[in-house]
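2 protein chains.
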Amino acid sequence: MLPKRTLMGPGPSNIYPEVLRAMSQPTIGHLDPAFVGLMDEINTLLQRAFITQNAVTLPISAPGSAGMECCFVNLLEPGDKVVIAINGVFGGRMMENARRCGAHPVPVEFEWGTPIDPNRVEDVLKENSDATAIAFVHSETSTGVRSDAKSLCQLARQYDCLSIVDAVTSLGGIELRIDDWGVDAVYSGSQKCLSAPPGLSPVSFNERAMDKATNRKAPAQSWFLDLALLTGYWSTGSKRAYHHTAPVNSLFALHAALEILHREGLENSWQRHADTYQQLHDGLQELDIEYLVDPEYRLPQLNTVKVPAGVNEAEIRTRLLNEFNLEIGAGLGPMAGKYWRIGLMGASCTSEHVELCLKALQAVLHH
Amino acid sequence: MLPKRTLMGPGPSNIYPEVLRAMSQPTIGHLDPAFVGLMDEINTLLQRAFITQNAVTLPISAPGSAGMECCFVNLLEPGDKVVIAINGVFGGRMMENARRCGAHPVPVEFEWGTPIDPNRVEDVLKENSDATAIAFVHSETSTGVRSDAKSLCQLARQYDCLSIVDAVTSLGGIELRIDDWGVDAVYSGSQKCLSAPPGLSPVSFNERAMDKATNRKAPAQSWFLDLALLTGYWSTGSKRAYHHTAPVNSLFALHAALEILHREGLENSWQRHADTYQQLHDGLQELDIEYLVDPEYRLPQLNTVKVPAGVNEAEIRTRLLNEFNLEIGAGLGPMAGKYWRIGLMGASCTSEHVELCLKALQAVLHH
Numbered sequence: 001m002l003p004k005r006t007l008m009g010p011g012p013s014n015i016y017p018e019v020l021r022a023m024s025q026p027t028i029g030h031l032d033p034a035f036v037g038l039m040d041e042i043n044t045l046l047q048r049a050f051i052t053q054n055a056v057t058l059p060i061s062a063p064g065s066a067g068m069e070c071c072f073v074n075l076l077e078p079g080d081k082v083v084i085a086i087n088g089v090f091g092g093r094m095m096e097n098a099r100r101c102g103a104h105p106v107p108v109e110f111e112w113g114t115p116i117d118p119n120r121v122e123d124v125l126k127e128n129s130d131a132t133a134i135a136f137v138h139s140e141t142s143t144g145v146r147s148d149a150k151s152l153c154q155l156a157r158q159y160d161c162l163s164i165v166d167a168v169t170s171l172g173g174i175e176l177r178i179d180d181w182g183v184d185a186v187y188s189g190s191q192k193c194l195s196a197p198p199g200l201s202p203v204s205f206n207e208r209a210m211d212k213a214t215n216r217k218a219p220a221q222s223w224f225l226d227l228a229l230l231t232g233y234w235s236t237g238s239k240r241a242y243h244h245t246a247p248v249n250s251l252f253a254l255h256a257a258l259e260i261l262h263r264e265g266l267e268n269s270w271q272r273h274a275d276t277y278q279q280l281h282d283g284l285q286e287l288d289i290e291y292l293v294d295p296e297y298r299l300p301q302l303n304t305v306k307v308p309a310g311v312n313e314a315e316i317r318t319r320l321l322n323e324f325n326l327e328i329g330a331g332l333g334p335m336a337g338k339y340w341r342i343g344l345m346g347a348s349c350t351s352e353h354v355e356l357c358l359k360a361l362q363a364v365l366h367h
Numbered sequence: 001m002l003p004k005r006t007l008m009g010p011g012p013s014n015i016y017p018e019v020l021r022a023m024s025q026p027t028i029g030h031l032d033p034a035f036v037g038l039m040d041e042i043n044t045l046l047q048r049a050f051i052t053q054n055a056v057t058l059p060i061s062a063p064g065s066a067g068m069e070c071c072f073v074n075l076l077e078p079g080d081k082v083v084i085a086i087n088g089v090f091g092g093r094m095m096e097n098a099r100r101c102g103a104h105p106v107p108v109e110f111e112w113g114t115p116i117d118p119n120r121v122e123d124v125l126k127e128n129s130d131a132t133a134i135a136f137v138h139s140e141t142s143t144g145v146r147s148d149a150k151s152l153c154q155l156a157r158q159y160d161c162l163s164i165v166d167a168v169t170s171l172g173g174i175e176l177r178i179d180d181w182g183v184d185a186v187y188s189g190s191q192k193c194l195s196a197p198p199g200l201s202p203v204s205f206n207e208r209a210m211d212k213a214t215n216r217k218a219p220a221q222s223w224f225l226d227l228a229l230l231t232g233y234w235s236t237g238s239k240r241a242y243h244h245t246a247p248v249n250s251l252f253a254l255h256a257a258l259e260i261l262h263r264e265g266l267e268n269s270w271q272r273h274a275d276t277y278q279q280l281h282d283g284l285q286e287l288d289i290e291y292l293v294d295p296e297y298r299l300p301q302l303n304t305v306k307v308p309a310g311v312n313e314a315e316i317r318t319r320l321l322n323e324f325n326l327e328i329g330a331g332l333g334p335m336a337g338k339y340w341r342i343g344l345m346g347a348s349c350t351s352e353h354v355e356l357c358l359k360a361l362q363a364v365l366h367h
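Protein sequences, first through last, are from chains A and B.
Residue 1 is where the first sequence starts when you use my numbering, and the numbers rise one by one after that.
Residue 1 is where the second sequence starts when you use my numbering, and the numbers rise one by one after that.
Since the hints were made in silico from the structure, they are not lab data.
Put simply, identical chains are the same to the list, so a pair is met inside one copy or across any two.
List time: in silico DSS-like cross-link candidates among lysine-lysine, alpha-carbon distance up to 25 Å: (1) K126 / K81; (2) K81 / K217; (3) K338 / K239; (4) K126 / K150; (5) K359 / K306.
As the structure is a prediction and not an experimental result, all values here were calculated from the model.
Let the hints inform the model, and build the full structure from the sequences given.
And the structure:
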């Protein structure tokens, strides 16, 4: 028997019972007309979540890391130069992806815990006028920092680059406007603020991005992630062409999670994340627990806070898990051992969870 | 409300209620000790299903197509020559994977519906003594043909090649012995004879394969499918290193499905597939429906049969779906319009399902 946890780490978040029930519906064929109808609905529900009219808006049948790779292998060709802003783990992963595509990544590094400074990115774009893309993380899950995606995407357009945006932790939790901001390619994850089970990566590509993807000299190096094949599989009507077997039950779950999001309303969901963050923030202040990130750049859904002096952070997490069935996250990379990451994502983002978390932290820190 | 289907196509197969219940357990963190314990158990359960001691035996967090790609991107380097036997759709997909790795695939083609002839493969190996790998499909899901994996893997060893084996439709349904047969790398799927939901691809690599994967000049071109990173994530104990977020609930389901398989017994499962095939075969004979494949090469779990003359095959499948909630598969590629594929996989492989299928076919063909 598995334990029941309150999930307040960097994801996965708790899943609504309705979503778990949807996922456990009997599997149907991935070519069944009933399933094809569900795919069309997922396309529409995702467009609304991303606030986009992009036809190519679909969930990759694999986790967020595959969504990232889908963007890189389709939008970069060998030799292409891509400017990558790095202010945490996932910017570093983008470097790795670009190298493996045979592209030339140009890193622009920022201190972990600070946002990406568009001015410094612009300086690098000026020095690299042959760059074809810029890539950055909107919500850095490793540090809890929000960067200014709108300005960065405008820069990309100004310097004739495609923008590739990591919105894994953004979608559903904070403002994200794909069309208004001019985001060319974006990937997210199912297991953060959407509160669907981990394993799917919603992506969206506009026409500029699809132009690049479909006018490559050679096909994308990944067959599984080839947008030309994926769009054939996800296209509506009689043009649909078999590519892989979709993860049917996971898509049942994503569909249900997206319906819950839109029932609440996207902007209401953003507001709930902001309000619940404030409650957590106030409670942590009373416990003298400090934030890593300056208030204006903080992600409400991912709170990186300092481990109090003299405290064994791993022991505290273990006690929270064992005594309260409460999961919070450890620090990643240079943050390991010094910071915790407290997530307020999707179904995990409630006033009751904040109360539990504060009560539990107080108990284990003082006894 | 989704329809409840009897799934007798080429996969997904029906899922046991116990597996659906396991999948709908509340999500826990992918670094939770309870989940890490489950990963270790999945490793052991998969080793038993593949009949292997290979330490690197794990489910890729994506469908079978990604399992195929994992083998190719890790075991082939640019310029490597790979001999690929093709007797259906999935051999063709291997060609595409090899090309995208920058490898030189040498195809050996066989008529669809016939097995791979090891003698012809050996001729090609003799002419291509610089080949480093051979790849082939054990159970061709597009035609219902079983090829002689043991002989082909022996050939690979004899010509100093790695063997890459597609066992997507084999695992759990027919004899498959990774260690005894000397299979170097194998991938399968969750949604065929294991009767777990689609979306996972169990793979296994022996030391010869891992030698190649870990001594490459450059890392694998896929970050998501890089075996060096995946084995770090799936390694036991304190060495475990974060790679991606595992599809937690899908792994709950795979775990439950593997427990059911081993409760029945692997060889008992093979026998059930053989017996149920015989029942279907006898019934189809009474309906004058003929098989594509010679008896000795037939897969019990995937029956490719001729559409009777003058029958609109798509209309029949639609009627089976609408009147009996029964899914059977269409032909793929050159088989389209002329053949059906009737699957008997995992939970779908029962005497009752065969009776339903025969009754339904008789009804719609004669009215």
